[in-house]
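Knowing the structure of chain A, use the given hints to seat chains B and C on it.
Chains as they are written, first to last, in our numbering: chain A, 134 to 303; chain B, 641 to 853; chain C, 821 to 1239.
It should be emphasised that the hints constitute simulated quantities derived from the structure, not laboratory data.
There may be inaccurate statements among the hints.
Said to hold, decoys possible - Computed cross-link-like contacts, BS3-like style, restricted to lysine-lysine with a CA-CA straight-line distance of at most 27 Å:
hint, chain 1, residue 1, chain 2, residue 2
1, A, Lys181, B, Lys710
2, A, Lys297, B, Lys708
3, C, Lys840, C, Lys1043
4, B, Lys853, A, Lys151
5, A, Lys151, C, Lys840
6, B, Lys708, A, Lys181
7, A, Lys297, B, Lys710
8, C, Lys840, B, Lys853
Below are the chains, spelled out letter by letter.
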Amino acid sequence: MTENESPANTGRRNFLIKATTAVGGVGVAAACVPFVASMNPSSDVLAKAVTEVDLSGITPGGVRTVAWQGKPVFIVHRTPEEIQASTATNGVIDPEPDSQRVQKPEWLVVVGVCTHMGCVPNKEGPGWTCHCHGSQYDDSGRVTRGPAPKNLEVPPYHFVADNKIIIGKA
Amino acid sequence: MNALVKVLVLCCFSIGAWANEVPLEKVNVATDAVTISRGAEDLMNDCHSCHTLKYIRYRDLVAFGIDKQKVDAWRGDQAMDSPLLGQFSDADAMQSFGIVPPDLSLMVKARDGGSSYVYSYLLAYHNSPDGVLENPVYPATKMPDALGIASATDAAQRTEIQGRARDIVSFLTWAADPHDAERKRLGYYVLGYLIVLTTLLYFVKNQIWGRLK
Amino acid sequence: MPGRIIKWIDQRFPLTSFVKHELTDYPTPRNLSYWWNFGFLAGVVLMLQVVTGIFLAMHYRADISLSFDSIQHIMREVNYGWLLRYMHATGASAFFFVIFVHMARTLYYGSYRAPRELLWWTGQGLLLLLMATAFMGYLLPWGQMSYWGATVITNLFQATPFFGDQIVIWLRGDYTVGDATLTRFFALHYLFPFIIIGAVVIHLVALHTVKSSNPSGIDLAAKDNIPFHPYFTIKDLYGLGWFLIVYSVFVFFLPDSLIEPANNIPANPMQTPNHIVPEWYFLPFYAILRSVPNLVGGVVAMGLSVMMFAFMPFLDRSRIPGGAHYRPIFKIQFYLFLLDMLVLGYVGYTPPTNQTLLIGQIATLCYFGSFLLIPFISRIEERWLVRRGLPPAVIALMESEALTIEQRRLKHRRRGEQA
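With the rest of the complex left out, here is chain A (with noise of 0.2 Å):
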């Protein structure tokens, strides 16, 4: 026992302490990944995260809205008017050009999810808005009235056909 307290022992004591306070340590932190990954979204889940949807029954002027991920997604058919229109501003509060929040300029896609709090913004007149705190949105998706900070999200979405596109993927 007294040979033992000498310093060199005391020392190697306190590291093999150490380490393997150190390797317990790294299995409870690996431990709890998968008790944390359970909670993320299942594969059943994730398969859903992609929507494939026909343009061709929307009207030029109409509007379709489909679930994406649980949320609306809405799919204007812009009439040449309402482009020209969108063209010429630049938004006021977020400025986008409109060229960069479509892939064809006859079709608008955004998701139907008011920046500010969350809620679905109506379809009113030129542009859309949301009666939980009367943000205002023009034909581009873009926010022209407060207090909502941001435009309308694009979600990532691509043409497979000239009237078929997947959200989801861009």
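Below, chains B and C without anything else, positioned relative to chain A:
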């Protein structure tokens, strides 16, 4: 101690096939993608017209690595996300067989003997001397001899059917537990880690207890 | 800084003195063997079950049309759902294994004897709670074994005098095991572990009042006691390492060895599987139930077989200190009892035939005999040992024990005189 022995005794029993009167033919299922894909194809041809696999979706097959074009051909106009439901309605099945064919997703796990049971069952069909089709593994079965083993006479044909049965059972084994390979892989890491940790704890324990006179 | 925080807490809450009293100064016999690790392991398994259970409950559906599917959803689609479920299912068996070893240790070393009767009885209560929790949890996957197991066990309450049938219907909330049964079992399966945690606290309070027993069977002198921390914390952790290795082998490589194949078939109230068996940890008690050819008698016998352990402090009144260590006949009795449990387990697993029924009846008699004969056998054993001449060490132990009893009596009398 008693509990440990009991577990061991029970393990021996559940592996042994004492519950079945007919001894089962042991089969070593394959876990490689090639065999399992082949099994999936045979299953789609030979079994899927009557049997469902409702816990497997077409996208699961693609995710596992089965050729997407094949899966597209199997699913026809069904969505990638839809499960492998049969082409037979339950009512039709009742009329033809007097029974709804069981779902196959968990078949390997749902029988004593597991994969060996399914394999032996598929290959147990034979004609009795008076020409009646029999299956000693499950005498009450309503299923016809799907693989045609009873009418196969020459050795080459029988070997081909046995291979097909093994492929199908391999696929069903995967279908019953798609995370099996992942689980075992993770298991080796966990065990390796635990052995290191336990060894370290052993040394720490010795050092701490060494302080005692 | 940490020192100041602890001081701040100590003025408001007895943190330091608690840690000191229950850990760093808590006297523990230094001769405890690894058989004393299993109480700590039981606590760890309890925590594992609670945590995996809570995370499983986030994905599980308690509805007869959804529960089987939701288990498959967990097994196939939830991230690491298969791991959580296998940990929980294996954990149930691990829990019983650990508890059985813990109880066997108590029986072998006579740890239930005075002054540890209350400690033993709170443990008995914990065993009953654990059995109830495990039984209710087994219904949740809604497989064939789940369904028929629950049907058989709820039917046991038919044996209740006068109200048997009504009690069974009340328990199920339906004429057969159904949606109402599943939902209430889920609610209670979630609740019971927290009652168990409370009961564990009581168990620990009792333990820390009477302190741990030890292999010699008598209370040691102060010099043979060492602080719990760090000596037994590290010993418990080292034992935990071994436990986790065995547990992981089952979770990762043999997870289905403890799940009956029939439970992978959805419950079908129209068809009973040919061979229904309870989980392995209920097999000996199930065998006793089947061995009595009368419904009420069988139920009473099974209930008694679990409760027999509680009578041990009354049955074993030998003056020889401790358990089997110094008592050769008690030791033989102990091993015969384990053997009998194995025989009962085997009988419980096999389908009933005339032969196994007879073996089961004999084993049942042996089971109760090995409890009820203890007073007589231990009396004979004590006389025989004294006549044969005990080793001097044991005589010293007996004398010192007699002395402490005498001292206690003296102290008591003195206190009485003062009053």
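Here is what the structure says about each hint:
1. For a cut-off of 27 Å, the pair hint linking Lys181 of chain A to Lys710 of chain B stands: about 22 Å separates their Cα positions.
2. Proposed proximity of Lys297 of chain A and Lys708 of chain B is supported: the alpha carbons are some 21 Å apart, at most 27 Å.
3. With a CA separation close to 18 Å, the supplied pair Lys840 of chain C and Lys1043 of chain C stays within the 27 Å bound.
4. Simply put, Lys853 of chain B and Lys151 of chain A have alpha-carbon atoms about 24 Å apart, close enough for the 27 Å limit, and the pair holds.
5. Proposed proximity of Lys151 of chain A and Lys840 of chain C is supported: the alpha carbons are some 23 Å apart, at most 27 Å.
6. Distance hint between Lys708 of chain B and Lys181 of chain A is fulfilled; the C-alpha atoms sit about 19 Å from each other, no more than 27 Å.
7. Restraint check: the Cα-Cα separation between Lys297 of chain A and Lys710 of chain B comes to about 24 Å, which is no more than 27 Å; the hinted pair holds.
8. Taking the CA atoms of Lys840 of chain C and Lys853 of chain B, the gap is near 22 Å; set against the 27 Å cutoff, the hint holds.
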